[in-house]
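Visitor: Be aware that the sequence shown starts at 75, since it is given in the working numbering, and climbs by one per residue.
No lab work stands behind these hints, which were simulated from the structure alone. Do not rely on the hints blindly, as some may be mistaken.
As the list claims (entries may be wrong) - In the DSS-like style, the derived pairs of lysine-lysine whose C-alpha atoms are separated by at most 27 Å in a straight line are:
| # | residue 1 | residue 2 |
| --- | --- | --- |
| 1 | Lys80 | Lys206 |
| 2 | Lys154 | Lys194 |
| 3 | Lys88 | Lys194 |
| 4 | Lys161 | Lys194 |
| 5 | Lys88 | Lys206 |
| 6 | Lys88 | Lys161 |
Note that the structure is a prediction, hence the values are computed from the model and not measured.
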Amino acid sequence: MTSNVKLDAPEAGKNSNDHLHFRVNWKLQDHSKGYAIGSANPLFLEPQFGLGMPITSAASTPMQREGLEAAIAADERCVKSDHYLLKSTYAIIESNVLYAPLPPPVPGGTHISMFMMALKPTSRGTVSIMSKNPSRLSTTRP
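Based on the provided sequences and hints, a complete structural model is requested.
Guide: Here you go:
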């Protein structure tokens with residue numbers, strides 16, 4: 075099985091970023107209160123909950139400058155005031171509560187999930203499609 079090339083985009087797949095993340099599924103103590111998709115809560119029948127991720131807010135955790143300076147010093151042996159990581163304050167972790175469990179799915183509105191992701195990439199690289207055959211895996215070069 076092969077597919078035809080639809081678009082010549084040589085920059086596609088370059089500068090791919092990996093982000094450390096983890097998720098936790100929580101079983102609700104009383105799922106009859108309607109806190110999750112799949113429950114009897116009519117709010118979850120609204121069209122916006124059928125599109126994208128079922129999240130209504132995100133919390134960001136900023137990186138403390140002192141801890142960042144200590145990490146830079148450990149890696150580079152000195153900390154320069156113009157170091158690119160010290161030029162601004164930015165969020166380092168994003169936390170989201172989803173009104174549904176992440177895979178594996180659990181039906182019936184009995185579970186929710188928490189998803190946390192590191193916002194600074196842990197690696198950069200390139201992802202390439204080496205064949206027109208869709209059953210062949212892509213190649214990743216970190």
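Visitor: For each hint, tell me whether it holds in the structure or not.
Guide: Status of the hints after comparison with the structure:
Our distance criterion of 27 Å between C-alpha atoms is met by Lys80 and Lys206, whose separation comes to about 11 Å. With a C-alpha separation of about 20 Å, the suggested pair Lys154 and Lys194 falls inside the 27 Å cut-off, and the hint holds. A C-alpha spacing of about 17 Å is found between Lys88 and Lys194, which places the hinted pair at or below 27 Å, so the restraint holds. Proximity of Lys161 to Lys194 is assessed by CA-CA distance (about 14 Å); at most 27 Å being required, the pair is judged to hold.
About 19 Å separates the Cα atoms of Lys88 and Lys206, which keeps this hinted pair within 27 Å; it holds. For the proposed pair Lys88 and Lys161, the alpha carbon gap of about 25 Å is at most 27 Å, so the pair holds.
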